[in-house]
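Novice: Based on the provided sequences and hints, a complete structural model is requested.
From first to last, the protein sequence lines are chains D and G. When the first sequence is numbered by UniProt numbering, its final residue is 316 and no position is left out of the sequence of numbers. When the second sequence is numbered by UniProt numbering, its final residue is 316 and no position is left out of the sequence of numbers.
Just so you know, these hints were derived from the structure itself, not from any lab. Just so it is clear, the structure is predicted and the values come from calculations on it, not from any experiment. Here a beta-carbon is modelled for each residue, glycine too, at the ideal position from N, C-alpha and C. Each hint should be verified, as a subset may be incorrect.
[Stated by the list, open to error] Incomplete in silico selection of chain G near chain D, CB under 8 Å: (1) C27; (2) F28; (3) Y44; (4) S59; (5) G61; (6) D167; (7) Y170; (8) E176; (9) L181; (10) L182; (11) G184.
[As the list claims (entries may be wrong)] Covered stretches of chain D (in silico footprint by chain G; criterion: 3 or more residues with CB under 8 Å from a CB of chain G, positions within the stretch not fixed): (12) 47 to 56; (13) 63 to 70; (14) 130 to 140; (15) 232 to 245; (16) 304 to 314.
Number of protein chains: 2
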Amino acid sequence: MRPGPSSVTRRRSAYSRSPYAVDMAQCFALLITPVAADDTRSDYSDTFRAIDVTAPALSVGELSTQRGDGVFESIGVIDGHPNEVEAHVQRLAHSAALCDLPAPNLPQWREAIAAAATHAPAGEAVIKLILSRGVEHGPAPTAWATVSPAADNSLVREKGVRVVTLDRGYDLEAGERAPWLLLGAKTLSYAVNMAALREARRRGADDAIFVTRDGFVLEAPTASLVIRTNGRFLTPSPSGGILHGTTQLSAYEFLTARGHEADYATLRLEDLQSADAAWLLSSIRLAAPITAVDDVEVPTDAALTRELNAFLLSPR
Amino acid sequence: MRPGPSSVTRRRSAYSRSPYAVDMAQCFALLITPVAADDTRSDYSDTFRAIDVTAPALSVGELSTQRGDGVFESIGVIDGHPNEVEAHVQRLAHSAALCDLPAPNLPQWREAIAAAATHAPAGEAVIKLILSRGVEHGPAPTAWATVSPAADNSLVREKGVRVVTLDRGYDLEAGERAPWLLLGAKTLSYAVNMAALREARRRGADDAIFVTRDGFVLEAPTASLVIRTNGRFLTPSPSGGILHGTTQLSAYEFLTARGHEADYATLRLEDLQSADAAWLLSSIRLAAPITAVDDVEVPTDAALTRELNAFLLSPR
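Specialist: Here's what the structure looks like:
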């Protein structure tokens with residue numbers, strides 16, 4: 001491990017942008033009043049309304065803010081088209097169930113996403129969905145969606161990312177054994193994910209890959225991992241321990257349609273280190289080729305990365 | 001393990017009150033503009049202002065709400081007197097450092113606490129401090145403090161709590177080995193703590209005690225654990241793995257002043273099960289005697305519990 005950074009470096013890194021950073025100055029937001037899952041009205045448009053994002057919108061009693069108590073999704077939008085909407089709303093529902101939140105009404109969320117998308121700028125944008133347990137002592141969850149321009153990720157898709165591996169503390173079975181650890185839920189409690197990204201930057205890398213205590217690779221703080229070994233594409237099995245990546249699912253569609261073998265597996269750190277190519281996949285940054293693992297250069301496949309990103313940038 | 005609960009039970013438990021629940025209807029709040037730690041003005045009163053808690057006060061861009069990215073403290077207030085202020089602000093600073101947040105200006109926080117305390121109702125109240133990384137892309141953290149009446153904990157101090165032990169997934173050294181897990185920081189990412197409390201209630205208990213993968217007891221989701229064995233008081237060593245409890249510190253002052261031996265130790269689950277008394281200690285509920293561990297009744301010491309709570313209810 002390298003020596004620690006100076007306090008100046010640490011201070012600056014506290015405000016590092018994540019690929020999911022929302023630029024509030026160019027943000028549009030909808031405040032959503034969640035309705036019950038069994039509410040079957042034909043039109044949900046009166047359950048959400050545009051809000052002024054430069055003005056306060058949330059109570060200090062919000063449990064999202066007091067305890068990171070809620071779930072979220074980030075959806076990539078290309079020229080006004082939100083991608084993988086179904087995978088995202090299904091995962092939102094899955095996360096909500098794991099957190100004992102009332103089941104989201106998916107038609108309502110789909111309609112809110114469509115409404116938000118009409119406010120997306122041309123090019124790449126991001127829609128963020130947040131479902132919070134609501135205000136303390138309140139009877140109902142609160143929810144909102146934001147849409148804002150995405151950061152320019154074209155360079156990182158081409159040049160790739162240097163990653164460090166970071167101990168996640170858990171063993172591979174922790175998630176299934178202890179569901180209260182919420183490892184399969186995309187919760188708002190992301191402080192550890194953000195701390196891992198800061199640690200990666202302190203070590204001179206761009207991103208991190210979490211490794212279990214027993215030496216298995218899991219995922220990045222905000223992305224899925226896919227490796228290629230002997231022509232086979234592999235990603236860690238989505239279990240109680242990691243999220244099922246929506247972009248990884250799309251990439252697997254692309255790969256299998258082209259005749260590649262693409263599977264789920266239990267992957268050891270050595271499998272990543274010896275892969276003949278590896279990527280981090282996420283909804284906004286899309287496919288970022290991994291160029292180094294713990295400061296050791298690893299092979300990449302520029303042609304395939306380009307084709308994969310072209311696919312991921314197309315409407316789905 | 002018991003069979004799972006019905007979905008009705010699960011739904012209701014989603015809104016269970018925690019001992020730290022804030023009743024917004026009777027809440028007073030100060031919005032704080034954090035100043036640099038080396039700002040040495042003599043009066044910070046113009047850096048915070050009362051806000052209407054029934055009105056929105058926070059941006060949807062708040063990183064506290066988007067990622068549980070910030071730190072907090074809950075301070076017990078008795079008849080307008082905030083207890084253990086110094087221990088709380090010091091822990092706030094410690095948590096901020098672990099999270100690479102700018103160091104809080106402690107004179108500013110002490111002054112804000114004093115100002116909030118003047119709005120505390122008679123009897124027991126709670127001041128909650130929140131320091132968030134701020135609005136996305138913003139240059140500065142945001143902060144606020146709330147004060148509200150505490151729930152009536154007199155019964156639980158007398159009757160005690162039934163606890164279940166829950167696997168925390170980590171081993172005892174995870175916190176020191178992997179500081180990015182933020183195990184020693186009181187972050188806003190409390191979804192797992194809340195999920196553990198819901199799991200405890202599903203199992204018919206009142207609270208939970210986290211146990212490491214390798215069988216050591218740690219702490220409760222919102223409280224410290226103290227046991228008595230052969231007349232000696234013991235609490236798990238505050239390391240990278242757990243928070244150092246402010247109320248536990250006060251309890252140790254009380255105990256040592258009365259000639260008791262009170263130490264830090266590495267405690268196995270068996271030590272809890274065979275203790276001759278055990279308590280959960282926290283700032284608002286104070287000393288709650290443990291009456292059962294995983295459905296096995298354990299001995300209590302009603303006289304000592306009463307004296308300890310009388311001390312903890314006195315101004316400190």
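Novice: For each hint, tell me whether it holds in the structure or not.
Specialist: Verification of the hints:
1. C27: Hint on G/C27: holds, closest Cβ of chain D at ~7 Å, below 8 Å.
2. F28: violated (10 Å)
3. Y44: Hint on G/Y44: violated, closest Cβ of chain D at ~20 Å, above 8 Å.
4. S59: Since the shortest Cβ distance to chain D is 6 Å, the answer is holds.
5. G61: holds (4 Å)
6. D167: Hint holds; G/D167 Cβ to chain D Cβ min 4 Å, cut 8 Å.
7. Y170: holds (4 Å)
8. E176: violated (11 Å)
9. L181: Holds, because the Cβ-Cβ distance from G/L181 to chain D comes to roughly 5 Å (cut-off 8 Å).
10. L182: Holds. Min distance 5 Å.
11. G184: violated (12 Å)
12. 47 to 56: It holds, with 5 qualifying residues against the three required.
13. 63 to 70: As far as the segment 63 to 70 of chain D goes, the hint holds, because 7 residues have Cβ atoms under 8 Å from chain G.
14. 130 to 140: holds (count 8)
15. 232 to 245: violated (count 0)
16. 304 to 314: Result for this restraint: violated, n = 0.
Going down the numbered hints, you'll see the structure goes against 2, 3, 8, 11, 15, 16, while the others check out.
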